[in-house]
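Trainee: Read off the chains here:
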Amino acid sequence: MLDFLWLIPLLPLVGSALNGILGKRFPKRLISAIACTSVGASFAAAVAAVAALLKLPPAERHVVDTLFTWIASGSFVSKAEFLLDPLAAVMLLVVTGVGFLIHIYSIGYMHAEDGYYRFFSYLNLFMFSMLVLVLSGNFLFMFVGWEGVGLCSYLLIGYYFERRSAGDASKKAFIANRVGDTGFILGILLVFVTFKSLDFTDVFRQIAGDANRFPVEVGVGTLSAIGILLFIGATGKSAQIPLYVWLPDAMEGPTPVSALIHAATMVTAGVYMVVRCSPIFSRAPIALEVVAVIGVLTALMAATIGLVQTDIKRVLAYSTVSQLGYMFFAAGVGAFSAGVFHLVTHAFFKALLFLGAGSVIHAIGGEQDLMRMGGLRKFAPTTHGVMLVAALAISGIFPFAGFFSKDEILWSAWAKGHPIIWLTGLVTAGLTAFYMFRLIFLAFYGSERFSEEIRHHLHESPPSMTVPLIGLAVLSTIGGFVGLPAWMNLGPNRFEQFLEPSLEFAWRGKSAELPHSLEFGFAMLSVMVALFGIYTAYRFYVVNPSAPASLARRMSRTHGLLAHKYYVDETYDALMVHPVVAGSNGILWQCVDIGLVDGAVNGLARLVQGSASLLKNVQNGLVRSYAAWIMAGAVVILLYITLLR
Amino acid sequence: MSIVHCLILSALLFTVGTVGVIVKKNVIAIFLCIELMLNAVNLSFVAFSKYLNQVHGQIFVFFVMVVAAAEAAVGLAIAIALHRNRKTLNVDDADIMKW
Numbered sequence: 049m050l051d052f053l054w055l056i057p058l059l060p061l062v063g064s065a066l067n068g069i070l071g072k073r074f075p076k077r078l079i080s081a082i083a084c085t086s087v088g089a090s091f092a093a094a095v096a097a098v099a100a101l102l103k104l105p106p107a108e109r110h111v112v113d114t115l116f117t118w119i120a121s122g123s124f125v126s127k128a129e130f131l132l133d134p135l136a137a138v139m140l141l142v143v144t145g146v147g148f149l150i151h152i153y154s155i156g157y158m159h160a161e162d163g164y165y166r167f168f169s170y171l172n173l174f175m176f177s178m179l180v181l182v183l184s185g186n187f188l189f190m191f192v193g194w195e196g197v198g199l200c201s202y203l204l205i206g207y208y209f210e211r212r213s214a215g216d217a218s219k220k221a222f223i224a225n226r227v228g229d230t231g232f233i234l235g236i237l238l239v240f241v242t243f244k245s246l247d248f249t250d251v252f253r254q255i256a257g258d259a260n261r262f263p264v265e266v267g268v269g270t271l272s273a274i275g276i277l278l279f280i281g282a283t284g285k286s287a288q289i290p291l292y293v294w295l296p297d298a299m300e301g302p303t304p305v306s307a308l309i310h311a312a313t314m315v316t317a318g319v320y321m322v323v324r325c326s327p328i329f330s331r332a333p334i335a336l337e338v339v340a341v342i343g344v345l346t347a348l349m350a351a352t353i354g355l356v357q358t359d360i361k362r363v364l365a366y367s368t369v370s371q372l373g374y375m376f377f378a379a380g381v382g383a384f385s386a387g388v389f390h391l392v393t394h395a396f397f398k399a400l401l402f403l404g405a406g407s408v409i410h411a412i413g414g415e416q417d418l419m420r421m422g423g424l425r426k427f428a429p430t431t432h433g434v435m436l437v438a439a440l441a442i443s444g445i446f447p448f449a450g451f452f453s454k455d456e457i458l459w460s461a462w463a464k465g466h467p468i469i470w471l472t473g474l475v476t477a478g479l480t481a482f483y484m485f486r487l488i489f490l491a492f493y494g495s496e497r498f499s500e501e502i503r504h505h506l507h508e509s510p511p512s513m514t515v516p517l518i519g520l521a522v523l524s525t526i527g528g529f530v531g532l533p534a535w536m537n538l539g540p541n542r543f544e545q546f547l548e549p550s551l552e553f554a555w556r557g558k559s560a561e562l563p564h565s566l567e568f569g570f571a572m573l574s575v576m577v578a579l580f581g582i583y584t585a586y587r588f589y590v591v592n593p594s595a596p597a598s599l600a601r602r603m604s605r606t607h608g609l610l611a612h613k614y615y616v617d618e619t620y621d622a623l624m625v626h627p628v629v630a631g632s633n634g635i636l637w638q639c640v641d642i643g644l645v646d647g648a649v650n651g652l653a654r655l656v657q658g659s660a661s662l663l664k665n666v667q668n669g670l671v672r673s674y675a676a677w678i679m680a681g682a683v684v685i686l687l688y689i690t691l692l693r
Numbered sequence: 240m241s242i243v244h245c246l247i248l249s250a251l252l253f254t255v256g257t258v259g260v261i262v263k264k265n266v267i268a269i270f271l272c273i274e275l276m277l278n279a280v281n282l283s284f285v286a287f288s289k290y291l292n293q294v295h296g297q298i299f300v301f302f303v304m305v306v307a308a309a310e311a312a313v314g315l316a317i318a319i320a321l322h323r324n325r326k327t328l329n330v331d332d333a334d335i336m337k338w
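Chains as they are written, first to last, in my numbering: chain A, 49 to 693; chain B, 240 to 338.
Keep in mind the hints are simulated off the structure, nothing from the lab. Some clues are possibly wrong.
As a list, the in silico DSSO-like pairs of lysine-lysine whose alpha-carbon atoms are at most 30 Å apart [unchecked claim]:
id, chain 1, residue 1, chain 2, residue 2
1, B, 264, A, 664
2, A, 664, B, 263
3, B, 337, B, 263
4, A, 664, B, 326
Owing to the predicted nature of the structure, the values given are computational and were not obtained by experimental measurement.
Kindly generate the complete structure, drawing on both the sequences and the hints.
Mentor: Structural data, given as structure tokens:
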């Protein structure tokens with residue numbers, strides 16, 4: 049199977065092409081069959097490939113499958129090649145597995161939508177791009193997938209393109225990503241200039257092999273510059289400060305898209321990239337510091353915004369931004385495997401939360417405002433159950449998946465000597481538990497705040513939607529057990545061990561040996577914080593529903609700040625969008641375009657017209673005047689011949 | 240009667256013809272002026288033929304006469320067609336072939 053890695057991304061591409069070209073004439077059943085089969089087959093191929101990888105001894109788990117030479121220009125050679133190692137394997141299984149479940153879910157969720165074939169074609173194209181991204185063996189080929197997922201994200205956010213807000217949101221996502229991609233491609237160029245190669249293995253060997261040059265302990269070295277540039281790319285794709293603003297707006301897309309692209313897979317591409325480049329980052333302390341600080345700030349900021357959002361999908365969007373911040377600060381403190389672990393568990397429970405939210409929206413007839421829900425657990429018991437599991441998982445309650453990954457991150461932050469980051473992360477964990485259970489309580493408990501007519505239509509979603517939900521709920525519950533922490537005395541962390549070959553070139557900093565009992569204490573502490581968050585949410589939204597409003601009144605300034613998302617959008621509008629629009633309008637349009645470009649074109653036309661209006665008088669239709677001209681010409685020639693020769 | 244006299248007469252006739260072509264408005268008059276120009280040239284041919292003692296010039300005159308005959312046929316046909324269509328023989332009234 050390891051020789052057929054190309055099959056894994058190819059299958060969704062075929063599905064996308066079939067549905068995209070011919071789908072208009074296909075019945076819906078066939079469209080969904082093509083889409084789901086291609087992704088399902090891709091998942092099966094991925095499982096087979098990973099199984100084959102596991103059969104190899106750990107040191108040899110690094111399979112490169114070169115398809116063809118893509119670009120050859122002098123000494124620069126870039127190949128289309130796939131690389132399967134433990135890190136890629138983890139991503140592969142998450143992308144194809146979660147992607148498959150979400151495809152199945154989409155059959156039920158999208159059944160009444162126009163452009164059914166378009167949706168599935170884009171979704172399959174996204175799977176292809178994402179698989180190219182995670183499987184690629186060099187920077188440039190990774191960039192192909194990187195841009196591909198950006199394109200699909202744009203297309204799918206703008207799926208309801210007849211809605212202006214959706215069109216705006218898709219453009220915002222595209223432009224924010226473009227800003228990040230500029231950094232990414234500059235980083236790639238700097239890698240090439242420095243190492244004369246873009247191949248992951250080659251570059252990382254060079255870095256790891258040169259102990260004199262690296263690590264760059266002081267000053268801004270080349271590696272720090274590369275790291276920061278690459279991280280700029282990651283902030284765009286993975287929605288970190290300062291480019292996170294597109295992700296909440298991206299909720300304009302259909303809910304399965306939010307689950308697949310804007311929660312589980314694409315937005316984690318930045319984390320994947322940082323971990324993939326761990327040999328670079330781990331030797332660039334400044335870049336790593338930037339990653340950690342940006343990550344933890346994003347985590348805290350997004351969590352605080354999430355506290356007051358009332359749109360169910362926006363709460364989840366800010367939660368995603370916040371959790372991505374967690375992954376980045378895990379990478380930033382050097383705990384790369386913990387970051388990837390959280391990426392995996394997050395893919396499970398956040399996809400579940402989004403699909404659950406989709407199920408809620410489906411049940412209640414398109415309503416997304418939490419303030420118009422309430423008491424839904426009677427009507428949608430399955431959805432309620434799985435959402436509860438997901439909320440417990442994201443809050444980090446034992447034994448759900450989030451507990452293990454989040455605790456590992458927080459513990460790494462402490463153990464690697466970043467107490468402030470640890471504390472911020474812990475506070476964020478409490479906030480996470482609070483806003484997540486606020487969502488649960490507002491949607492499923494308390495008084496019913498919807499109209500009688502909606503109540504009449506309330507229904508649980510069809511099996512094609514609930515089955516994937518249950519599948520993801522199971523994964524969210526047990527997914528954490530692949531990485532049982534060392535303090536449980538059940539052997540070393542298996543997940544970390546599995547990832548080890550991928551991180552072999554990463555530079556290991558000094559890590560203090562701390563007793564397991566302390567780690568256990570920290571785990572208990574974070575669970576206590578999460579429980580406190582849940583309890584507060586319970587007090588606020590179940591026991592005393594008037595409390596939030598009165599608190600908001602008392603702290604109206606803070607509440608306003610949060611409700612307006614720290615005025616970041618407004619600031620960007622004032623600082624970036626408005627000057628650009630004004631400059632384009634005033635200078636580029638009015639002066640350059642109208643004055644220069646149009647002026648040149650129109651001026652040329654006017655010149656031709658003016659000279660023509662003079663010359664046309666010669667052709668006056670009078671035969672005698674023509675005869676006179678001929679005569680004059682003959683006289684001139686005669687004079688020339690007789691006088692000048 | 241030397242060659243010079245002949246050439247002066249020829250030039251005078253040619254000039255009269257040319258000026259007539261430019262200033263006359265009647266098609267038939269223009270036509271006659273063109274004939275005058277042709278015959279002025281014929282006169283020079285013949286004069287040179289005599290002067291140089293060569294027969295070429297006289298042969299050329301025959302050619303010119305043939306062309307003039309053909310031209311007369313076509314030109315008169317045009318004059319008749321013009322008169323049929325526009326009820327005029329004034330060339331300045333036939334000026335629609337312009338911008």
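Trainee: With reference to the structure, classify each hint as holding or not holding.
Mentor: Each hint, compared with the structure:
Straight-line distance between C-alpha atoms of residue 264(B) and residue 664(A) comes to about 23 Å, which keeps the hinted pair within the 30 Å bound. A C-alpha spacing of about 24 Å is found between residue 664(A) and residue 263(B), which places the hinted pair at or below 30 Å, so the restraint holds. For the hint linking residue 337(B) to residue 263(B), the alpha-carbon distance of about 20 Å falls within 30 Å, and the restraint holds. With a C-alpha separation of about 28 Å, the suggested pair residue 664(A) and residue 326(B) falls inside the 30 Å cut-off, and the hint holds.
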